[in-house]
Amino acid sequence: MSKVIHDLIILENRQPGPEYHVLVCKAPETLPVCYPGQFAEVAVPSSTHAFLRRPFSIHNVDYQNNTISFLIKMVGQGTRTLGQLPTGTVLNAIYPLGKGFSLNQAEPVLLVGGGCGIAPLLFLAKTLKLNGYTVHCLLGGRSADDLVEIPEFRETAEVYLTTEDGTQGEKGFVTQHSIFRELAGFTRVFACGPEGMLRAVALASRAAGVSCEVSLENNMACGIGACLCCVVETRKGNRCVCTEGPVFNVLDLKGWESPQEVADNCPVI
Amino acid sequence: MSKVIHDLIILENRQPGPEYHVLVCKAPETLPVCYPGQFAEVAVPSSTHAFLRRPFSIHNVDYQNNTISFLIKMVGQGTRTLGQLPTGTVLNAIYPLGKGFSLNQAEPVLLVGGGCGIAPLLFLAKTLKLNGYTVHCLLGGRSADDLVEIPEFRETAEVYLTTEDGTQGEKGFVTQHSIFRELAGFTRVFACGPEGMLRAVALASRAAGVSCEVSLENNMACGIGACLCCVVETRKGNRCVCTEGPVFNVLDLKGWESPQEVADNCPVI
Amino acid sequence: MPDLSTTLHQLSLKNPVMTASGTFGYGKEFSDFIDLASLGGIIVKATTSEPREGNPYPRMAETASGMLNSVGLQNKGLDYFVKHIYPELQQINTHIIANVSGSTIEGYVEVAEKMAGLDHITAIELNISCPNVKQGGMAFGTSVTSALEVTRAVRKVYPKTLIVKLSPNVTSIVDIARAVADGGADVLSLINTLLAMAIDAEKRRPVLSTVTGGLSGPAVKPVALRMVWQVSKAVKLPVIGIGGICNATDAIEFFLAGASAIQVGTANFINPRVTTDIIKGIEDYLLRHNLQTVRELVGSI
Amino acid sequence: MPDLSTTLHQLSLKNPVMTASGTFGYGKEFSDFIDLASLGGIIVKATTSEPREGNPYPRMAETASGMLNSVGLQNKGLDYFVKHIYPELQQINTHIIANVSGSTIEGYVEVAEKMAGLDHITAIELNISCPNVKQGGMAFGTSVTSALEVTRAVRKVYPKTLIVKLSPNVTSIVDIARAVADGGADVLSLINTLLAMAIDAEKRRPVLSTVTGGLSGPAVKPVALRMVWQVSKAVKLPVIGIGGICNATDAIEFFLAGASAIQVGTANFINPRVTTDIIKGIEDYLLRHNLQTVRELVGSI
Ligand SMILES: Cc1cc2nc3c(=O)[nH]c(=O)nc-3n(C[C@H](O)[C@H](O)[C@H](O)COP(=O)(O)OP(=O)(O)OC[C@H]3O[C@@H](n4cnc5c(N)ncnc54)[C@H](O)[C@@H]3O)c2cc1C
Ligand SMILES: Cc1cc2nc3c(=O)[nH]c(=O)nc-3n(C[C@H](O)[C@H](O)[C@H](O)COP(=O)(O)OP(=O)(O)OC[C@H]3O[C@@H](n4cnc5c(N)ncnc54)[C@H](O)[C@@H]3O)c2cc1C
Ligand SMILES: Cc1cc2nc3c(=O)[nH]c(=O)nc-3n(C[C@H](O)[C@H](O)[C@H](O)COP(=O)(O)O)c2cc1C
Ligand SMILES: Cc1cc2nc3c(=O)[nH]c(=O)nc-3n(C[C@H](O)[C@H](O)[C@H](O)COP(=O)(O)O)c2cc1C
Ligand code: FES
Ligand code: FES
Numbered sequence: 046m047s048k049v050i051h052d053l054i055i056l057e058n059r060q061p062g063p064e065y066h067v068l069v070c071k072a073p074e075t076l077p078v079c080y081p082g083q084f085a086e087v088a089v090p091s092s093t094h095a096f097l098r099r100p101f102s103i104h105n106v107d108y109q110n111n112t113i114s115f116l117i118k119m120v121g122q123g124t125r126t127l128g129q130l131p132t133g134t135v136l137n138a139i140y141p142l143g144k145g146f147s148l149n150q151a152e153p154v155l156l157v158g159g160g161c162g163i164a165p166l167l168f169l170a171k172t173l174k175l176n177g178y179t180v181h182c183l184l185g186g187r188s189a190d191d192l193v194e195i196p197e198f199r200e201t202a203e204v205y206l207t208t209e210d211g212t213q214g215e216k217g218f219v220t221q222h223s224i225f226r227e228l229a230g231f232t233r234v235f236a237c238g239p240e241g242m243l244r245a246v247a248l249a250s251r252a253a254g255v256s257c258e259v260s261l262e263n264n265m266a267c268g269i270g271a272c273l274c275c276v277v278e279t280r281k282g283n284r285c286v287c288t289e290g291p292v293f294n295v296l297d298l299k300g301w302e303s304p305q306e307v308a309d310n311c312p313v314i
Numbered sequence: 046m047s048k049v050i051h052d053l054i055i056l057e058n059r060q061p062g063p064e065y066h067v068l069v070c071k072a073p074e075t076l077p078v079c080y081p082g083q084f085a086e087v088a089v090p091s092s093t094h095a096f097l098r099r100p101f102s103i104h105n106v107d108y109q110n111n112t113i114s115f116l117i118k119m120v121g122q123g124t125r126t127l128g129q130l131p132t133g134t135v136l137n138a139i140y141p142l143g144k145g146f147s148l149n150q151a152e153p154v155l156l157v158g159g160g161c162g163i164a165p166l167l168f169l170a171k172t173l174k175l176n177g178y179t180v181h182c183l184l185g186g187r188s189a190d191d192l193v194e195i196p197e198f199r200e201t202a203e204v205y206l207t208t209e210d211g212t213q214g215e216k217g218f219v220t221q222h223s224i225f226r227e228l229a230g231f232t233r234v235f236a237c238g239p240e241g242m243l244r245a246v247a248l249a250s251r252a253a254g255v256s257c258e259v260s261l262e263n264n265m266a267c268g269i270g271a272c273l274c275c276v277v278e279t280r281k282g283n284r285c286v287c288t289e290g291p292v293f294n295v296l297d298l299k300g301w302e303s304p305q306e307v308a309d310n311c312p313v314i
Numbered sequence: 018m019p020d021l022s023t024t025l026h027q028l029s030l031k032n033p034v035m036t037a038s039g040t041f042g043y044g045k046e047f048s049d050f051i052d053l054a055s056l057g058g059i060i061v062k063a064t065t066s067e068p069r070e071g072n073p074y075p076r077m078a079e080t081a082s083g084m085l086n087s088v089g090l091q092n093k094g095l096d097y098f099v100k101h102i103y104p105e106l107q108q109i110n111t112h113i114i115a116n117v118s119g120s121t122i123e124g125y126v127e128v129a130e131k132m133a134g135l136d137h138i139t140a141i142e143l144n145i146s147c148p149n150v151k152q153g154g155m156a157f158g159t160s161v162t163s164a165l166e167v168t169r170a171v172r173k174v175y176p177k178t179l180i181v182k183l184s185p186n187v188t189s190i191v192d193i194a195r196a197v198a199d200g201g202a203d204v205l206s207l208i209n210t211l212l213a214m215a216i217d218a219e220k221r222r223p224v225l226s227t228v229t230g231g232l233s234g235p236a237v238k239p240v241a242l243r244m245v246w247q248v249s250k251a252v253k254l255p256v257i258g259i260g261g262i263c264n265a266t267d268a269i270e271f272f273l274a275g276a277s278a279i280q281v282g283t284a285n286f287i288n289p290r291v292t293t294d295i296i297k298g299i300e301d302y303l304l305r306h307n308l309q310t311v312r313e314l315v316g317s318i
Numbered sequence: 018m019p020d021l022s023t024t025l026h027q028l029s030l031k032n033p034v035m036t037a038s039g040t041f042g043y044g045k046e047f048s049d050f051i052d053l054a055s056l057g058g059i060i061v062k063a064t065t066s067e068p069r070e071g072n073p074y075p076r077m078a079e080t081a082s083g084m085l086n087s088v089g090l091q092n093k094g095l096d097y098f099v100k101h102i103y104p105e106l107q108q109i110n111t112h113i114i115a116n117v118s119g120s121t122i123e124g125y126v127e128v129a130e131k132m133a134g135l136d137h138i139t140a141i142e143l144n145i146s147c148p149n150v151k152q153g154g155m156a157f158g159t160s161v162t163s164a165l166e167v168t169r170a171v172r173k174v175y176p177k178t179l180i181v182k183l184s185p186n187v188t189s190i191v192d193i194a195r196a197v198a199d200g201g202a203d204v205l206s207l208i209n210t211l212l213a214m215a216i217d218a219e220k221r222r223p224v225l226s227t228v229t230g231g232l233s234g235p236a237v238k239p240v241a242l243r244m245v246w247q248v249s250k251a252v253k254l255p256v257i258g259i260g261g262i263c264n265a266t267d268a269i270e271f272f273l274a275g276a277s278a279i280q281v282g283t284a285n286f287i288n289p290r291v292t293t294d295i296i297k298g299i300e301d302y303l304l305r306h307n308l309q310t311v312r313e314l315v316g317s318i
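Protein chains in written order, with our numbering: chain A, 46 to 314; chain B, 46 to 314; chain C, 18 to 318; chain D, 18 to 318.
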């Protein structure tokens, strides 16, 4: 599974929500095999404010058209610059990086995503479906504006929605969604989103005796295990999120079991 | 004569020669009165490589359409970024800066320009013509590629051309052009271009007893007299090119009289 | 409206945003762009006892997110300042602070003494950190003993607010800060420029006539923040933060690190209105964070 | 074809482009992108006598044209290095240089002694300049006496090429360089990172878990160039230039300033192929300037 540096060409830049952009990019040579949960390190073209590359999950891969997509939430200078790029722009990316979700699971599986954590789940859902799985997918956000790519998810999964303000789906945090009452019926939960949400999902999964994998975000300088800046505390010591993650089984993460921390972090979806 | 900071809008970006761009820009409010030889400090939009503003002479002013133009030669990252800007881009500029050419002259006057030193001469020629002058204009370059905006000059002045490689006009350096044999017939020479050329023109003017003003280039940080980085040695001591120039009478410049220095610098057009 | 006022020893500033010496001329260079009276203060360019022509051209080089300068304290000298520049400065309705430079202790003392007699100069900033002069300058600011000595000598003749500006080109900025405090400084300002160099690879020679020069701009901000944090924790004097400040967020970072006020330098070259934007941005920040005064931020990390 | 080879004491390098410790892992992280054997050398990440977990997260902050890190020498320790990492390094056909770190002189000596026994480690780089550890590290590199002491102690046990890596966080880099030369160093490398800090204005707290960290990247290049120039003029040892090198032009500037070779650090994160580009760019430069060898450039300004 070797990594490539590609000058991708942006074929399409659509805006599925006020703060989100999907960049569909053509690769200059045959796409390498990518796994759901892996990510890319993308250079922000000629930006004064983004010195380092920015990591983004692989949102979708279309081997037939040789395209790779990213779902990007506008949060700072780097992402805003990327969101404004016109089609035809060259985007330099290093990928596929990191380890993805474990795909050797019994079904049914529940995918849980919040905010830009939705990004890797589409590729994951599609891959699981391709392998014959029944996929359930719970997407949450502050408001309806954060729920993007729903039509795409509906094509591949049973979709459940929740918003904090009740503007779409059930009202509340993802862990308050009714599907969580049936959690014990799932064999595994795959989650990606803000840390507070992930911790709440991890705790609920533990309580229901369901195995849970989360994709972590983190400050990264290199994305390839060279700088050791992106560590997370695991039971085996500090580990690089970029090479040994970004997907971790929550059982391996240190400090992810205390209900107190979860309570502190929960509202920060 | 107060200075303004304007978010100009690029209306037109044309390429009069392989290495030159003319940016015609609309001002957001009535243009301030500008004098030929004055310049603007232009911010290079979102460039990693141009931290400071870049100085450019005012190439043309159209008060009726409220536009100001710059003729930019591609020499480094900053100018290259500017050259690639599409119409509609916002260009932040501080102008008009510095002191221009002396306009209270008896005619006939000779304008001499080389390379991007052609830039201020169009505005100067137009202004002189408007005031009823007969304007003679000698433009020089390495090759025909460096001779840009000739049609525009022809509208306002008697134009003479020279190239080092003889691809257009007379062959040789500007000071070797036949018009220089008639130099004594002019009352003043206005020149702008590389330092070597300016020194040669200054020397020739001195020899012919003709007064000579040159527009100097220089590394500038602020363009408004605040940093004192842009000095030139004058007979009165170090003076800022950005406020007391960029146009100087060569008699005021220290070290501009030695034929030795001229010889050393001459070929560097 | 949040309260932006701040105090530096005996100086009450309407807001904590000042301009750094050598980057703002004598103020009037910017009067087409901003209302000078809206500033917390203006540190005017360096004055030495004798006129100085400064260093030969080239004196400037652009670097990644920064610039080098080797101006070398060009100024018309103390007498010219008092006769011709001071009367103009009197028209500006904010604190005017003189940046006092020299190559000998006597030189510093002479300028300070004369400045003390000028009513509208409410403080002086002792520049013991200029890297661009052969003698004196930074040499005073990089040794504990000479920093102490020059501060003490100036203190004797200068009764008003005495700010001392520190050089970052030292192993321990805290040691120098303590020495200067012992010498009688009222306020510390930091940082001056980092000693640095640029080379023209094509011409194969140094860009600056002086070979080395002073680095300023956003590139140095992380170093400046660190030093402000170290000094404000170690010394009880108020600190003015300087180095790479380009916007209100940068300014807030310096307050959090322990600065009671800030100076904006290089950023004035890029945006002559930057100080006005920063003042407005600090106000917005305080409102957004529900803070009544900017003073609540100072040293609060 | 121009000759890119260069010599550092007993080391003959095929070209002067190496990778900086802590920014290139153990090489293999980059093997998908470049041919490791094409490099002049690889300085692998710091090794300490005992395993270290490094500092808590967050350890990184982006700054203007640069970054801060406070990794804190995370590594699996000397024994693990010898048993598990060294065998892999033996496969790489270029100079492999160990970066030796510690918090006590005994620690440095222990690592150096063990490294001396590993054939494929052709030199060590003594890291007396890491700003990210509480004890030792930079403390050794910011005092003339302790820099001398640790160099001398390691020299006694290490017969091969001894490189000592200097800290820029000092008043006089030349004094430290001289001390290290007296202690028996064969080669000097500089600079390590500048001690610096970043603050999150919204969260109102330092970005790094350790508050301060080390600044690297293009922002520091002008300071690094100045120090390389000063040291190579003052000390007769070969110098390796480090700090913000991103392209061949940057590398050439360091050669002109006096460096016999260079190391590329942070730029590897932005472009994992940058070293290959730099080697190619140096060749092009030599051809364009009609130079036969890269050595002609060294110190030639
Ligand atoms: C493995 C991985 C996969 C990711 N996948 C996606 C994705 O598919 N889509 C997406 O929109 N985002 C994703 N992110 C987050 C994305 O990398 C950041 O939003 C981006 O780097 C911010 O850049 P910026 O220049 O816009 O923000 P900055 O100006 O750098 O920062 C703006 C704000 O974002 C925060 N921030 C910056 N970088 C990160 C980061 N790496 N993680 C969390 N917060 C950060 C800062 O603290 C600050 O508050 C991913 C992050 C990681 C580590
Ligand atoms: C008063 C004034 C008016 C000018 N008018 C014009 C004009 O109308 N049209 C035009 O094309 N150019 C003009 N110039 C020159 C122009 O400012 C530079 O070409 C530009 O700043 C280079 O920017 P860059 O980022 O492309 O080059 P950089 O990457 O900064 O440098 C590339 C090369 O250009 C040289 N260079 C950089 N800045 C200058 C400078 N200010 N003067 C001379 N050489 C420089 C560098 O040494 C280097 O060799 C003027 C300069 C001054 C001082
Ligand atoms: C062109 C220039 C000239 C300067 N002249 C002086 C000076 O005369 N006296 C002084 O104390 N500092 C001087 N400085 C240093 C600045 O006041 C300031 O300390 C430094 O630039 C860091 O701030 P900045 O990054 O905001 O520019 C000068 C800086 C520049 C860029
Ligand atoms: C993430 C990171 C880790 C580093 N770790 C080490 C180290 O272990 N030992 C060392 O001597 N230098 C270390 N350094 C310093 C670099 O080797 C180099 O001296 C410095 O980054 C300046 O070069 P640059 O600007 O090219 O990055 C590290 C730098 C970075 C950015
Ligand atoms: S980002 Fe560099 S090791 Fe993970
Ligand atoms: S460019 Fe700053 S004084 Fe002229």
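Be aware that a few hints might be false.
As the list claims (entries may be wrong) - A short list of chain D residues far from chain C (calculated; beta carbon distances all over 12 Å):
#, residue
1, 20
2, 24
3, 30
4, 48
5, 100
6, 123
7, 126
8, 131
9, 178
10, 203
11, 245
12, 294
13, 304
14, 314
Unchecked claim - Label-pair ranges, simulated between beta-carbon atoms:
#, chain 1, residue 1, chain 2, residue 2, range
15, D, 251, C, 94, 28 to 38 Å
16, C, 134, B, 179, 32 to 42 Å
17, A, 210, C, 305, 47 to 57 Å
18, B, 108, A, 50, 30 to 40 Å
19, B, 179, D, 18, 20 to 30 Å
Just so you know, the hints here were simulated from the structure itself, not pulled from any lab data. Even for Gly, the Cβ is constructed at its ideal location relative to N, Cα and C.
Right, here's what the structure says about each hint:
{"no.": "1", "hint": "20", "result": "holds, 18 Å"}
{"no.": "2", "hint": "24", "result": "holds, 22 Å"}
{"no.": "3", "hint": "30", "result": "holds, 21 Å"}
{"no.": "4", "hint": "48", "result": "holds, 29 Å"}
{"no.": "5", "hint": "100", "result": "holds, 38 Å"}
{"no.": "6", "hint": "123", "result": "holds, 25 Å"}
{"no.": "7", "hint": "126", "result": "holds, 25 Å"}
{"no.": "8", "hint": "131", "result": "holds, 31 Å"}
{"no.": "9", "hint": "178", "result": "holds, 27 Å"}
{"no.": "10", "hint": "203", "result": "holds, 25 Å"}
{"no.": "11", "hint": "245", "result": "violated, 9 Å"}
{"no.": "12", "hint": "294", "result": "holds, 15 Å"}
{"no.": "13", "hint": "304", "result": "holds, 14 Å"}
{"no.": "14", "hint": "314", "result": "violated, 8 Å"}
{"no.": "15", "hint": "251/D with 94/C: 28 to 38 Å", "result": "holds, 35 Å"}
{"no.": "16", "hint": "134/C with 179/B: 32 to 42 Å", "result": "violated, 59 Å"}
{"no.": "17", "hint": "210/A with 305/C: 47 to 57 Å", "result": "violated, 21 Å"}
{"no.": "18", "hint": "108/B with 50/A: 30 to 40 Å", "result": "violated, 51 Å"}
{"no.": "19", "hint": "179/B with 18/D: 20 to 30 Å", "result": "violated, 59 Å"}
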